[in-house]
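Chains as they are written, first to last, in our numbering: chain A, 1 to 279; chain B, 1 to 279; chain C, 1 to 279; chain D, 1 to 279; chain E, 1 to 279; chain F, 1 to 279.
It is worth saying that the hints were derived from the structure and are not from the lab.
Please read all numbers here as calculations on a predicted model, not as lab measurements.
A couple of the hints might just be wrong.
What the hints assert, rightly or not - Cross-link-like lysine to aspartate or glutamate pairs, in silico, DMTMM-like; alpha carbons within 25 Å at most:
no., chain 1, residue 1, chain 2, residue 2
1, E, 178, F, 276
2, A, 38, B, 198
3, E, 38, A, 65
4, A, 178, F, 249
5, F, 121, F, 9
So you can see what is in the structure, the chains are spelled out below.
Protein chains: 6
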Amino acid sequence: MLENEISLDDAIRKALEEDLGPGDLTTEAIIAPESRGKASLLAREALVLAGIQVFSRVFKLLSAETAFEYFYSDGQSVPAGETICIISGPTGAILKAERTALNFLQRMSGIATLTKIYVDKVGSKKVRVVDTRKTAPGLRVLDKYAVRMGGGFNHRMGLFDGILIKDNHIMAAGSVAKAVSLARGGAPHTIKVEVEVEDLDGVEEALRSGADVILLDNMTPEMMQKAVDLVGGRATTEASGGINLGNIEEIAKTGVDIISVGALTHSLRAVDLSLEIVG
Amino acid sequence: MLENEISLDDAIRKALEEDLGPGDLTTEAIIAPESRGKASLLAREALVLAGIQVFSRVFKLLSAETAFEYFYSDGQSVPAGETICIISGPTGAILKAERTALNFLQRMSGIATLTKIYVDKVGSKKVRVVDTRKTAPGLRVLDKYAVRMGGGFNHRMGLFDGILIKDNHIMAAGSVAKAVSLARGGAPHTIKVEVEVEDLDGVEEALRSGADVILLDNMTPEMMQKAVDLVGGRATTEASGGINLGNIEEIAKTGVDIISVGALTHSLRAVDLSLEIVG
Amino acid sequence: MLENEISLDDAIRKALEEDLGPGDLTTEAIIAPESRGKASLLAREALVLAGIQVFSRVFKLLSAETAFEYFYSDGQSVPAGETICIISGPTGAILKAERTALNFLQRMSGIATLTKIYVDKVGSKKVRVVDTRKTAPGLRVLDKYAVRMGGGFNHRMGLFDGILIKDNHIMAAGSVAKAVSLARGGAPHTIKVEVEVEDLDGVEEALRSGADVILLDNMTPEMMQKAVDLVGGRATTEASGGINLGNIEEIAKTGVDIISVGALTHSLRAVDLSLEIVG
Amino acid sequence: MLENEISLDDAIRKALEEDLGPGDLTTEAIIAPESRGKASLLAREALVLAGIQVFSRVFKLLSAETAFEYFYSDGQSVPAGETICIISGPTGAILKAERTALNFLQRMSGIATLTKIYVDKVGSKKVRVVDTRKTAPGLRVLDKYAVRMGGGFNHRMGLFDGILIKDNHIMAAGSVAKAVSLARGGAPHTIKVEVEVEDLDGVEEALRSGADVILLDNMTPEMMQKAVDLVGGRATTEASGGINLGNIEEIAKTGVDIISVGALTHSLRAVDLSLEIVG
Amino acid sequence: MLENEISLDDAIRKALEEDLGPGDLTTEAIIAPESRGKASLLAREALVLAGIQVFSRVFKLLSAETAFEYFYSDGQSVPAGETICIISGPTGAILKAERTALNFLQRMSGIATLTKIYVDKVGSKKVRVVDTRKTAPGLRVLDKYAVRMGGGFNHRMGLFDGILIKDNHIMAAGSVAKAVSLARGGAPHTIKVEVEVEDLDGVEEALRSGADVILLDNMTPEMMQKAVDLVGGRATTEASGGINLGNIEEIAKTGVDIISVGALTHSLRAVDLSLEIVG
Amino acid sequence: MLENEISLDDAIRKALEEDLGPGDLTTEAIIAPESRGKASLLAREALVLAGIQVFSRVFKLLSAETAFEYFYSDGQSVPAGETICIISGPTGAILKAERTALNFLQRMSGIATLTKIYVDKVGSKKVRVVDTRKTAPGLRVLDKYAVRMGGGFNHRMGLFDGILIKDNHIMAAGSVAKAVSLARGGAPHTIKVEVEVEDLDGVEEALRSGADVILLDNMTPEMMQKAVDLVGGRATTEASGGINLGNIEEIAKTGVDIISVGALTHSLRAVDLSLEIVG
């Protein structure tokens, strides 16, 4: 289920207005208002589905008369050539909503599909593949939902639900310990404190300061191995920076708890889907 | 210059709220309100810049006290390692706006950079590389602006500023001629009529119906060559469907006027940029 | 059917809030919440109907329990004294929505009725009577829809779906040819280029520059006749400026393709309608 | 000064978006971003000015760099041919905002000019010419402001700041007395109670019920004279229904306190204004 | 019935977004989407109910599948321990909406309950206990509705539906008479004029100026008695400033018509309510 | 500094519209637009200040010409009779914004002042007094900011930045352990898991399940003491339910880490402030 449907409708309305503007010139002129039709949503390549409820909500917002029959649900793998769902309703509304609905679904399923590839590469269930805040502006909740559908996990949603102390914060505070103390002092007790470090000295300082999570930034697998050993379970460890499909397996083997991958949401490929009017 | 700044601010505010929510826990706790700083925006790879005004507007909306010195402007190629601009202002505001500003700029410059690669591949100035409506929901104006910055052109912005008659419209109207006539009859006289065809019979029918533009959908280069020859300048021709860097050159050689590429906006790679606090 | 219902609801909500503010003092105090009633919408003069779906949507947004029986639909001529539709539902909601619903319908039908008078005056089906951008702020889509219901056509919706090169653009570009070239180069290929001219030299220059449409601004019928002859079908011609019911017939006879009339949307008379509670 | 500027900006932004959509194709392509210019706002007919601050706010919202020199202010009569104000700023912004700014000003000044004609016709300063709730949806505050600028007065703004008991309310309450009592009981003590009556019996009943204001609906001048005499100053009297320039003088002579005229805001003629680039 | 439901939904959506943000971490992780449940709303102390329709609207907006059975309605006194209503629907939606729905209801019923105490203390039905504009920002319509449910009355809703002339206005106008005349001249005739005075001279001046209502500000009961006697029914009188449960009875005895109490909406205690899942 | 100013402006605009509606009848009629003035903000009782930036932002949004001189800042104690700040600017804008600005400030300072009383009562710096989600709908960020200004701390902002497992979640999951595991599995790793328990068995189960925080709900001080001892520092402990000024000291002595108090934001008394025009 998709969280916070309240603001989802706003995002869909915005996208529909962007595409419809003052009206669909072609459909309004040609399709009779009373025309009813059916359309099949087809997977033109193998994919992990994410966003099918967003997809159908687009049609629903344009016409309450549209109805849906689903053959797959979010998080499932869909083989190439399969029908994902069938839409029935006013032909005009189906044609007007088509592109907007597909734009949501192709992006979200693209994220889920890419995430699945990373997760499968890691292999171990003990290592979390997580996303970052590098999402498309305005689409963060959907982007991060898609990561979960692909078997990944979420890092913090934004600056408000996690503390991540970086270089600039440490410099401003004077020391890691001071920064951790200030951050913990100001934040709700429901929030953990994560500290970004770049070397083993940083790891030790973070541990001494009582960090809950230590982000190992741009380390080589060798240094990361040492860092993980040094932590020895006293904090959660996260690998970040320059992770790709070529090195994620090696990084996972260091025993790090979490691996964050920006590409999941900033450099995905939209999956190939099509909507075909079938009657 | 970026068009319609009125709605741009809404998109930026939405993105900032998404990231800031009820507040930046780390920065609010650690950075003193009176702290002032400078930050450099660095290109960590060669890229075509797009969105620098959007980037700086993000900071500006969060703090009117931020100021900017630019070394590159939109549409320019930036070599790896170069400083693109320097921001000065309240340190807190710079840190809070950083991710949101980068998310806009990395996506937009990613689109421009990819577009440039396609445009360079085509070589000829007579062939327009254009985008599609396959954009990120809510970001269409920015996505399409970025395409222009990369040397590409825009197809219609949405369903409201162009007529594109597809299969379903033709089926509903009864014939291509009837569909073209209905569409032209209902639309402002400022709008051209484009018809999508899949074979040479379709091309002939479209020509007879007085189409201004003919979209050659998913044709082989051979069939496309015949189609272009058949049209003989009596209408604008557009190649669409399955275009990629491997085949765009061959397609351009058919003499088609326009080549539309969905990947420009749905399957780009964000460019690598970083913001470094320098004082 | 009315285009882009998504933003229509916003306009209606805005209008309802404007009238209801914190509440209808009279109705809330006097009408029992459980009271149900019926109301007839009467044409108190002959008119062309436009906006009946907007009218009923106002009631619907205030109370989902309202229901409607229609005797006329948009675009039809309604004789004086006829019942246009019957509304049934909560009496309170009917009374609260009444004025707002009528304000939409009286304006829109006023536009359609006036347009019909102009169209009938022109007589010929080959000449399009079109509107302008001189609409009531916030109501453009509705104003222009009403023009179509009266048998008129739309000029461009806004600055985004048509190119109209005027004096200032030509001066800035240096020449008509340069302006046309710049405009065509920057715009989607789905958009035509129109050039405003004031004399026969302008017509010739526009033709040479490849304008798709030539706007003949404030010309006498005599000069306009010469302009139309000069164009000889090589471009679409539009008459504009100072058109009224006294001269439109003469202008139509010049053979111009399009006549634009600002008064359709800026100087109409609201039609006389009333809503009578009938039970 | 215009009231509630907070929501004014929303109305202007909405109107600008309506006209600009994703961008001004002509201006963006032709006018250089750095171009600066001046424009004169000219009265092409004699008029009463209303909305000059709204007019300039449109430009200001599009570009903070625009500046204004005013020669007339709201409420003043402007002879034909006069320059009302001069705008200087970025040429692109001036051209983009022009139509939207004029649409506001031409409507508002049209209302003020028409109101002035009615007020002058009445002659007496003791009789208020007032507007109704028959305004353009979304523009009520501006429409009613314009009425004041023309020398008229406002009736209630909406259903929330005045009580007007009509037929249907009386029928639901059982009697005029009961309706007045219910309304007064439910409303803030800052609000007067007005009752609509159609004959002299109604006037007597309203007086007995303690109405503060009595609306004399669609009465002949003769009956109205009797009604005014009957009231004898014990309540404020308002004439309403079918008032026009042909009969308002006669109605004013009955000694009625207030005359309401729907045409002021629903059937006005936009005044003729033009904006000319002067450098 | 609650007035202006149009903007009510906006307030509820805002409150839901505030609480849900990007999603309910606990409920989303634990409660199965298909789980259905029932919950009882219990009064944990005696109270006057206000806002039950707002309460249920919160659930409804989150899930259209929720249904309600009511045992009490707004304005009724509910003994401690009673069940007010039963909600059935998706368990997840019930848990997510719970806090937001209670926050509305506990505040509104707190206002109604406190108002009832003041009203009961006054005893006389001839004296109106009214609220002020000292409401929680964004919640004025709800706060004032709750006052009515507790047996109180409303003062003006805002600055737009009543005239209240205070010190600063009098000083600016030059005299009470001048201020009254200006205010009456500028406002709709549906609005009364109230003048704030601090002593008996002020009362006399207000009477002479034709004030409809006289606000007796911060007077001792003795002075207030003299003021009421002086007015002698020639205007409505309102007591204001420093009213509390200890002195309201004495003030009521002076024969003043209206007593305004800021505490009703700015210093209430939320009533104790709980929602218990019952199946 | 106040977090997320982006949405703060929306809340202020909403509050201003609520009070101003279509305009301030009194001020518009009486105060000359060119009038300039000064006003003093006075503390009419001792208080802890919170919201002074919100207060001045209200004036600023209505008129950019207003200026402020501050004598106290947020978090400071202000003795009765002191001047907190002086505002200068257009008299009309000051009068129009006054009530709205005070409504924000009186509520926020009321919360801070009440929080300070609780915090002082606790005495120990090792015990956090925290708020709850029982805030005024739409004002959560401001309510919680005020708590911090009074020396308190925040609990989670909403359902999105903390996990709090209650009865219903445990019942649905089958056991505390299962609920904790599900919640931790679904949430970002930046978020802690809190479990609500009602007795010592619950405490033990929560400890075994690895809860980060244990909420001791409605326990007697005796049982709470045992619970704290049982936990022995293995988790953070929070006391909740029925906390008031009479028992908070005793509860603090149990050694619990956190005490949450709903009354801070749902049952406060607005502090007494006044704005006096001084020139």
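(message) Check whether the Cα positions of residue 178(A) and residue 249(F) lie no farther apart than 25 Å.
(response) 30 Å, violated
(request) Decide if the proposed pair is consistent with the structure: residue 38(A) and residue 198(B), CA atoms, cutoff 25 Å inclusive. (result) Since the Cα atoms of residue 38(A) and residue 198(B) sit roughly 22 Å apart, the hinted pair holds (cutoff 25 Å).
(request) Measure nothing beyond the straight line between the CA atoms of residue 38(E) and residue 65(A); if it is 25 Å or shorter, mark the hint as holding. (result) 30 Å, violated
(request) Take a quick look at whether residue 121(F) and residue 9(F) sit within 25 Å of each other, Cα to Cα. (result) 35 Å, violated
(request) Would you check the hint for residue 178(E) and residue 276(F), treating anything up to 25 Å between C-alpha atoms as holding? (result) Status holds; Cα separation ~22 Å.
Hint compliance for this structure: hints 3, 4, 5 are broken, all remaining hints hold.
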